[in-house]
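Hey, can you work out the whole structure from these sequences and the hints?
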Amino acid sequence: MNKHEFRVGIEVGGTFTDLVASDGYQIKTAKVPSTPSKPDEGAMNAIRAAELDISQIKELVHGSTVATNAVLERKGGRVCLFVTKGTRDILLLQRHDRRSIYDLHYKKPEPVVARHDTYEIKERISPDGAIVLDIDEDNAREQIKTALRNGRFDSAAICFLHSYTNSRHERLLKELIQQEFPSLPITCSCDVTREFREYERASTTTLAAYVQPVIAGYIKRFSASLTKQGFKGRFSIMQSNGGRMPAEAMSKNAISALFSGPAAGVVGAIRGISSAGYDNLITLDMGGTSTDVSLVTGGESKLAPMTMIDGLPVKTPVIDIATVGAGGGSIAWKDDGGLMRVGPRSAGASPGPACYDRGGIEPTVTDAHLIRGTLQADSFLGGKMNVDVKLAQDTFTKLSKFFGLPIAEIADNTIRLAEANIVRAIQQISTERGSDPRDFVLVPFGGAGPLHAARVAEDLSIERVVVPPNAGVLSASGLLLSDHIHYRTRTRRLALKDENIDDVKKIIDDLENETADYLTSLNVKGKIEYDKVLEMRYVGQAFEVSVDIKNENINELTTARLSQLFANVHHQIFEFSKAEGDPVEIISFRIGAKVSPEVLFANETRLPSVNTPASRQVKMIERGKELTADLKERSELTSEAINGPVLIQDTNSTIFVPQEWKVSRDSEDNVILVKEN
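Take 39 as the starting number for the sequence shown in my numbering and just add one per residue.
No lab work stands behind these hints, which were simulated from the structure alone. Mixed in with the good hints, there may be bad ones.
To be verified - Within a straight-line C-alpha distance of at most 30 Å, the following computed DSSO-like cross-link-like pairs (lysine-lysine) qualify:
id	residue 1	residue 2
1	Lys76	Lys422
2	Lys160	Lys183
3	Lys588	Lys535
4	Lys113	Lys145
5	Lys616	Lys544
6	Lys422	Lys657
7	Lys145	Lys123
8	Lys290	Lys588
9	Lys113	Lys76
10	Lys266	Lys66
11	Lys76	Lys96
12	Lys563	Lys544
13	Lys160	Lys123
14	Lys565	Lys544
15	Lys160	Lys146
16	Lys340	Lys535
17	Lys657	Lys700
18	Lys183	Lys212
19	Lys616	Lys543
20	Lys96	Lys258
21	Lys340	Lys570
22	Lys290	Lys570
23	Lys543	Lys340
24	Lys700	Lys670
Said to hold, decoys possible - Distance windows between CB atoms, simulated:
id	residue 1	residue 2	range
25	Arg471	Asn589	14 to 24 Å
26	Glu213	Leu171	10 to 20 Å
27	Gln655	Lys588	46 to 56 Å
28	Lys160	Asp541	25 to 35 Å
Note that the Cβ used here is the ideal one computed from N, Cα and C, for glycine as well.
Okay, structure coming up:
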C-alpha cells in the first residue's frame, strides 16, 4: 500500500462514532459524537476530524447500529409475510415460555409483522423435503395481488414450513411476486437461514425483511455521499459474526449486520494483543450506551447459532456476546422500592450526559466519574471536548437528598453499581458456561472500559488486565482487522452412526464449496480458510451444543472421534456426559469461509501527547475512600511497574489503576495492570 493511501474503519456507536485509519506508516484516530437521526453524518464528521482526504481512502470498513436501532425503535420497513396455509399465527404463538417469570403483566414480544399483513399460501412440504401438496399458483397469484396491489409494503418475506429442506416453493413464489412487482425487495427464509425450528426461522426472516429497506437505503446514501467527495475505494460492512462483506452483498442480507459494532470490538481485541502472547481473553467493551463482554479461548471468539433482539429470536451466527445496560451514558435512578439503580436507560448521544451541556438533566456514569475525579474535565477526549463538572453535580442533587449522602459518595456508588452489572454479565459468559474467569486476562476498551476494568477484574479474581493501544477506538481497529467471512448453515438430522459418516463429509464439502463460490462471486480474493461446526445433542434432548471441528481432518473423520468431541463439549457446559454408546445425533452443519486482510498497521504505534494538569496529581473518591492519585500520560509508562493509584490519560480513553495494583507498558505498547498479592 502506498503512503497516504489509507484504509479506514468507522464504527458508529450509540454515543460516539470512532475512526481508525492507517496507511502502513502512521495511524490516525478520531472520536466524535454520534448523530442518531443521521448516522452517516457522524461517520463523515469522523473523517473530517481525522483530517483525511476521502479520495486517498483505498478501503473503508463500516459498522453501525442502524439495523439494531431500526428494530428497537420499530422504524423498519412495512413487511408483507407469506406463509404456509394454517400457520398464519406463527409469529404470535412464539414459544410457551416467559422471559420475566415474576412479571404479572408480562407480554410476549411484539413481532415486526402484524397478523393482518400475513397471507397464507396453499402448499406443504414434509420435514424430509418431500412435496405433500404442490403450490397452488392460482391461489398464490390471488394472494399476491390482494396483499401488494395498493403499494402498502416496503418489502416481502416468504417463510414456508420445512423450506430449509426443499426451497422449491419459496423460489417459485418469489418469481411470481417479481413478475408483478419487480422492484419490491423479497426475503426468502431459505436464503436467510436453512435451519429447523419454524418460529425462530420465521422471526429471523421477517426481521431480515424489516431492516432490509433501512440498511439498503443507508448504504446507498452513504455510498453516494462518499462518491460525491471522491471516494473510489472498496466499501465493506461489518457483520455480527465478526467478519465483513462488500457493501453490495450486505444491502441484500442486512440481518447479518445486526450487532456489527460489538463484533468488531472482539475482533480488535483478539488481533490487537495477539502479538503479545495472550490468547485467553475476556473482552470488555464499555461505550456510552452499553457494555458488551465476550469470551475468547485460544485466540478464537465463540459463535452462537442464535441471538435475541427486543425479545425476538434471530437465527444467524453471531459472536457470543452478553450485553448489559452499563455505559457512560447509563442513568442512575431510584426504583419504587427505594433502591438505587444504574441503567439500562441511557442518555445516549442526544442529549447525552449532563456534563456535555447538551440538554441532559439526569445523572449518568460519565457525570459520576467527573464528580469523583476519575475523569478530568480538562483532558476529556484528549482535551478536545469541553465538559462541565457543575452540571454533573447538579444532576445528583435529588439522589443525594433522598439517600442522605454527599454527592461524591452517590457518584461513587453509581460507578460501583455499574461495575456490579458488568461483573454479572461476565459471569454469564464464563462461570455459567463452564469457564473460570481466573484463567483469562481482561481486555477493556471503548471510551469507558479501561476506567472500570481493574475493579471488575478484582471482583472476578482476575489478576491481569491488558489495555491495548488506542483502546477507546478499538472497535474501529477491529473493522480493519476483520476477515471477509460468509457462513452457510443447513439442518440435516443424522444419527451418529458409521453408515452416516459419508453423508456428514459430503454436507461439509458441499457447504465449503457454497461459501467459497459466494466469496468469489463478490470478487473477494485470497486464501480461504474454513470454520466448521456441528450442532449436536443426545437423542431426546431439546437443544444442541456447538462442536468445533475446524482442526479435524474431514477425510479421516470417524463417529468415535465426533462422539468424543461432543462428550467433551457437553461435559464442559453441563458438567456431565452420558455413558459411551448412548445415541447422539447431528442436527445442523455450520460452515464459514474466511479470507484474511492484508497487514495494515505499522510496527510502531506513535502515541500523541495530551494536556495534563501541572500538579501531576489529582484528588478522587473511590470505593468510599479519599485518594491522591498520580496523573500520567500513557507514553510516560515503561516496562518498570509503578504502584497505584494512578490515572493514565490517553487520547480517547482513561485508564484507572487502583491501590493494590501495579501498571507498566510492554514492548507491544499494551498497558498491563497486575493485581498485587
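Do the hints match the structure? See the list:
1. Lys76 x Lys422: Holds, at about 23 Å.
2. Lys160 x Lys183: Cα-Cα ~15 Å, so holds.
3. Lys588 x Lys535: holds, 21 Å
4. Lys113 x Lys145: holds, 21 Å
5. Lys616 x Lys544: holds, 28 Å
6. Lys422 x Lys657: holds, 22 Å
7. Lys145 x Lys123: holds, 26 Å
8. Lys290 x Lys588: Holds, at about 28 Å.
9. Lys113 x Lys76: OK: Lys113 and Lys76 at ~13 Å, within 30 Å.
10. Lys266 x Lys66: holds, 23 Å
11. Lys76 x Lys96: holds, 24 Å
12. Lys563 x Lys544: Holds, at about 25 Å.
13. Lys160 x Lys123: holds, 5 Å
14. Lys565 x Lys544: With Cα atoms ~22 Å apart, Lys565 and Lys544 stay inside 30 Å; holds.
15. Lys160 x Lys146: holds, 28 Å
16. Lys340 x Lys535: holds, 27 Å
17. Lys657 x Lys700: holds, 19 Å
18. Lys183 x Lys212: Since the Cα atoms of Lys183 and Lys212 sit roughly 13 Å apart, the hinted pair holds (cutoff 30 Å).
19. Lys616 x Lys543: Holds, because 25 Å separates the two Cα atoms, which is no more than 30 Å.
20. Lys96 x Lys258: Within the cut-off at roughly 19 Å; holds.
21. Lys340 x Lys570: holds, 12 Å
22. Lys290 x Lys570: Status holds; Cα separation ~24 Å.
23. Lys543 x Lys340: Judged against 30 Å, a Cα distance of about 23 Å means the pair holds.
24. Lys700 x Lys670: Holds - the C-alpha atoms of Lys670 and Lys700 are around 14 Å apart, at most 30 Å.
25. Arg471 x Asn589: 14 to 24 Å: holds, 21 Å
26. Glu213 x Leu171: 10 to 20 Å: holds, 19 Å
27. Gln655 x Lys588: 46 to 56 Å: Distance hint for Gln655, Lys588 holds at roughly 51 Å.
28. Lys160 x Asp541: 25 to 35 Å: Taking Cβ atoms as reference, Lys160 and Asp541 lie about 33 Å apart, which means the hint holds.
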